[in-house]
Amino acid sequence: MKGRVLFPIGLYASLFAALLCLFNPRLSGPVEPWAAALMSLPLRAVGVLLPAPAMASSLAAEPGESLVKLEELRRRQLRRHAKIPAALRGQGGLQPVLCQVIDRQRPGAAEWPSVLILDRSWSELKGMSRFVTHGDSLLGFLAEPEAGEDPQSAARVELLHFRKRGRLPRRVAAAVDLGEAGELRFLVEPAAILDTSAPLRCALPDDPYLAATLGRDDLEAFSVAAEDPLGTVPAGLRIGHMSPWGYPIGDGKFVSIGLFIEPEANPQYLSMVNLWTRSKGEPSGLRAPLREDRLWSVHLTRLPLPGVGTERWFVSYRWDAPNFRSGSAMVFGSRLVGRVSSSGPGHAFVRPFGQAGETWAVTLLPVASDLDAVDLRVVCMERELGRSRLRIVDGASASRTGELFSGTMSEDCPAGLWIGSVEPADRADEFYVQHYQPGDGRGLSIFHRAEVRR
Amino acid sequence: MIAWLLWFFLAPALLLLEGALSGACAPAVDLSLVFCLLFVIYSRTSCIPGLLFCTAMARSLLLDGSLATHFLALGLPVAALLPLRSFFFRRSPFWQCAAAAFLAFVVPRLALFFADLSGSLPSTLLSSSPSILWSTLLVPPIAFLFSVLPPLKSFRELGE
Numbered sequence: 001m002k003g004r005v006l007f008p009i010g011l012y013a014s015l016f017a018a019l020l021c022l023f024n025p026r027l028s029g030p031v032e033p034w035a036a037a038l039m040s041l042p043l044r045a046v047g048v049l050l051p052a053p054a055m056a057s058s059l060a061a062e063p064g065e066s067l068v069k070l071e072e073l074r075r076r077q078l079r080r081h082a083k084i085p086a087a088l089r090g091q092g093g094l095q096p097v098l099c100q101v102i103d104r105q106r107p108g109a110a111e112w113p114s115v116l117i118l119d120r121s122w123s124e125l126k127g128m129s130r131f132v133t134h135g136d137s138l139l140g141f142l143a144e145p146e147a148g149e150d151p152q153s154a155a156r157v158e159l160l161h162f163r164k165r166g167r168l169p170r171r172v173a174a175a176v177d178l179g180e181a182g183e184l185r186f187l188v189e190p191a192a193i194l195d196t197s198a199p200l201r202c203a204l205p206d207d208p209y210l211a212a213t214l215g216r217d218d219l220e221a222f223s224v225a226a227e228d229p230l231g232t233v234p235a236g237l238r239i240g241h242m243s244p245w246g247y248p249i250g251d252g253k254f255v256s257i258g259l260f261i262e263p264e265a266n267p268q269y270l271s272m273v274n275l276w277t278r279s280k281g282e283p284s285g286l287r288a289p290l291r292e293d294r295l296w297s298v299h300l301t302r303l304p305l306p307g308v309g310t311e312r313w314f315v316s317y318r319w320d321a322p323n324f325r326s327g328s329a330m331v332f333g334s335r336l337v338g339r340v341s342s343s344g345p346g347h348a349f350v351r352p353f354g355q356a357g358e359t360w361a362v363t364l365l366p367v368a369s370d371l372d373a374v375d376l377r378v379v380c381m382e383r384e385l386g387r388s389r390l391r392i393v394d395g396a397s398a399s400r401t402g403e404l405f406s407g408t409m410s411e412d413c414p415a416g417l418w419i420g421s422v423e424p425a426d427r428a429d430e431f432y433v434q435h436y437q438p439g440d441g442r443g444l445s446i447f448h449r450a451e452v453r454r
Numbered sequence: 001m002i003a004w005l006l007w008f009f010l011a012p013a014l015l016l017l018e019g020a021l022s023g024a025c026a027p028a029v030d031l032s033l034v035f036c037l038l039f040v041i042y043s044r045t046s047c048i049p050g051l052l053f054c055t056a057m058a059r060s061l062l063l064d065g066s067l068a069t070h071f072l073a074l075g076l077p078v079a080a081l082l083p084l085r086s087f088f089f090r091r092s093p094f095w096q097c098a099a100a101a102f103l104a105f106v107v108p109r110l111a112l113f114f115a116d117l118s119g120s121l122p123s124t125l126l127s128s129s130p131s132i133l134w135s136t137l138l139v140p141p142i143a144f145l146f147s148v149l150p151p152l153k154s155f156r157e158l159g160e
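Each protein sequence line maps, in turn, to chains A and B. When we follow the numbering used here, the leftmost residue of the first sequence carries the number 1, and every step to the right adds one. When we follow the numbering used here, the leftmost residue of the second sequence carries the number 1, and every step to the right adds one.
Quick caveat, the hints were computed from the structure, so don't treat them as lab data. Mixed in with the good hints, there may be bad ones.
In silico negatives: residues of chain B with every beta carbon more than 12 Å from chain A [unchecked claim]: (1) 1; (2) 94; (3) 95; (4) 101; (5) 105; (6) 109; (7) 129; (8) 132; (9) 145; (10) 146; (11) 147; (12) 149.
The following label-pair restraints were derived from C-beta to C-beta distances [to be verified]: (13) B:158 to A:25: 34 to 40 Å; (14) B:2 to A:423: 53 to 59 Å; (15) B:117 to A:203: 32 to 38 Å; (16) B:116 to A:183: 44 to 50 Å; (17) B:145 to A:357: 30 to 36 Å; (18) A:78 to B:13: 49 to 55 Å; (19) B:2 to A:325: 31 to 37 Å; (20) B:13 to A:291: 36 to 42 Å; (21) A:27 to B:46: 19 to 25 Å.
Covered by chain A, per the in silico footprint, the following chain B stretches (three or more residues, Cβ under 8 Å) [unchecked claim]: (22) 9–22; (23) 42–53; (24) 60–69; (25) 74–85; (26) 112–118.
C-beta: ideal position from N, C-alpha, C; glycine also.
Chain A on its own, in the form it takes in the complex (with noise of 0.2 Å):
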């Protein structure tokens, strides 16, 4: 008796197990999801029995004022997106196709998403032009379709730093401008999986000699012409900041051992890219980020939480709902409202917006008119009553007063939802934002992108 309590073996052997469960989550399998399921049901039961009280009317005319505020945001992103660069200019009447990114795959370089998917099928993109860029700068290629991939299924971009087993990586010619010095011209290709500094890198620079002493980090990257059996990349695109590696010599003399290159856009939170036809006539609008037959109407309960600044909503539905996978927006209207953390048969929590520690792609639309909306990487600081604190990780805004949307979380947490107005807040790089408060939990739903096929 008393050695079973001086070496408890069950209790030895349940911890390893979890401590292979935290490194290999799949080991767990579906036991994790289902006991969460059953542990929910009185829940489940409760959050169906509770009388609901009345809307609030202020909440009830949310929906009209997020469509309000959404249709203002598309019409000054097609604004920004209209413009042709330079650099495109003159190539044969080239016309931009607005694209909405529906998700980030393939981890590559720099732990940067090297996939994008886009909101439009194969059927719809045939034609286009290979090349894909974010404003003037070159982002990637279009991707073939697989053998035997649905044309209907949602059509890929491979970025720059895209890499695949069995495949030679695509490489882009590219050049940075040394003022008198001229030009060094060098090949782009990914960086390895281990550079986390960038995840570019320069190769068979025409001038290794140049290359092997090249200390600054203030030169920007360019496309260069060249001939492209894969196809042709159009001159003039940035491509991204060159930032050198090594060490220095004295006498300001620098030896380089690598020359990286960050992507001027981080694809970790862009939600829109530029495809571009010759052809007239393509669609070249933006489309609506939810679609009425993709939105499951759920019933809220709010949970009281142990901890501070914590919260969490309980939903519950129909039984024959999807499975909603973690990470589905939760809309009101067409406001975000929060994302789900865990669900299972006819239930799922949902982490309210702006829960501290979290990290959202969203977009900023300021109040000026004349200035173009921004995506944003930004990482939540705290939650109070009605409002958050969001901080500044990736991207810049001159302004920080306007109205907040989400940028593409996931494949069912689209771009484009409207979350509230935005405040500067007392440090530069922070700004409050009013987020929605439930009322009777009435009116939200749970979208879930169910058409989307790979």
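Use these hints to put chain B onto chain A, whose structure you have.
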């Protein structure tokens, strides 16, 4: 079996009760610490993995972090204290308070550590000195209270 089912469904309800009470009255006591101390002092050794599973499951259901994260954050301190219970804890309030202070200090740190390791959001905040003090004083009597009430009474070590 009924006691197991009761504990399975009661664990999340107790955490919600803690959440409801923490807004209403101070000082708030972390019930997870109460359960850990209860398992260490009063529960049958063979039942502890199951009891921990239900507690960790309830935490993973309501808070951030996976089942494994919470199981490890609660289970490791229990495993560390368990061999000492025959010698120190059972009849000594002083050692029980010391064990409660140890749990109040270690459990949130382990939860943060494992959340960081698994890349999930932290489910807890680091305990402050006043909260450790309150836990030291309040956790042992509340643990005793839960140990004599069903369903946890059914898991008490025989001969207690």
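Against the structure, the hints:
Separation of residue 1 (chain B) from chain A is adequate, the least Cβ-Cβ distance of about 15 Å exceeding the 12 Å criterion. Under the 12 Å C-beta cut-off, the non-interface status given to residue 94 (chain B) relative to chain A holds; the minimum distance is some 20 Å. Distance to chain A confirms residue 95 (chain B) as a non-interface residue, since its nearest Cβ pair spans about 15 Å, more than 12 Å. Against the 12 Å criterion, residue 101 (chain B) stays outside the reach of chain A, whose nearest CB is about 19 Å from its own CB.
Listed as outside the interface, residue 105 (chain B) is consistent with that label: its C-beta sits roughly 17 Å from the nearest C-beta of chain A, beyond the 12 Å cut-off. With a closest Cβ-Cβ approach of about 15 Å to chain A, residue 109 (chain B) is found to remain outside the 12 Å limit, as its non-interface label requires. With 12 Å as the threshold on Cβ separation, the claim that residue 129 (chain B) sits away from chain A holds: the shortest Cβ distance comes to roughly 16 Å. No Cβ of chain A comes within 12 Å of the Cβ of residue 132 (chain B); the nearest lies about 15 Å off, and the non-interface call holds.
Every Cβ of chain A is farther than 12 Å from the Cβ of residue 145 (chain B); the closest lies at roughly 18 Å, confirming the non-interface assignment. A cut-off of 12 Å between C-beta atoms confirms that residue 146 (chain B) is not in contact with chain A; the least separation is 16 Å. At the 12 Å boundary, the C-beta of residue 147 (chain B) stays outside the reach of chain A, the nearest C-beta of that chain being 16 Å off. At the 12 Å boundary, the C-beta of residue 149 (chain B) stays outside the reach of chain A, the nearest C-beta of that chain being 19 Å off.
Checked against the hint of 34 to 40 Å, the C-beta distance between residue 158 (chain B) and residue 25 (chain A) comes to roughly 37 Å, which is consistent with it. Under the hint 53 to 59 Å, the C-beta atoms of residue 2 (chain B) and residue 423 (chain A), about 55 Å apart, fit the expected range. Our hint of 32 to 38 Å for residue 117 (chain B) and residue 203 (chain A) holds, since their Cβ atoms are close to 36 Å apart. For the pair residue 116 (chain B) and residue 183 (chain A), the beta carbons lie near 46 Å from each other, so the given range of 44 to 50 Å is met.
The hinted range of 30 to 36 Å is satisfied by residue 145 (chain B) and residue 357 (chain A), whose Cβ atoms lie roughly 34 Å apart. In this structure the hint that residue 78 (chain A) and residue 13 (chain B) lie 49 to 55 Å apart at CB holds, the actual value being about 51 Å. Judged by the Cβ atoms, the range 31 to 37 Å given for residue 2 (chain B) and residue 325 (chain A) holds: they are separated by roughly 36 Å. Between residue 13 (chain B) and residue 291 (chain A) the C-beta distance comes to about 38 Å, which sits within the given range of 36 to 42 Å.
Against the hinted window of 19 to 25 Å, the Cβ-Cβ separation of residue 27 (chain A) and residue 46 (chain B) comes to about 23 Å, which satisfies the hint. Requiring three or more residues with a Cβ within less than 8 Å of a Cβ of chain A, the coverage given for the region 9–22 of chain B holds, as 10 such residues are present. Given as covered by chain A, the region 42–53 of chain B passes the check, having 6 residues with a CB less than 8 Å from a CB of that chain where 3 are the minimum. Under a criterion of three residues with beta carbons nearer than 8 Å to beta carbons of chain A, the stated coverage of the region 60–69 of chain B is upheld, 9 such residues being counted.
Figure legend: the region 74–85 of chain B, annotated as covered by chain A; annotation consistent (7 residues with Cβ-Cβ distances under 8 Å, at least 3 required). Restraint check on the region 112–118 of chain B versus chain A: 3 residues with Cβ-Cβ distances below 8 Å, three needed, restraint holds.
Of the numbered hints stated above, none is contradicted by the structure.
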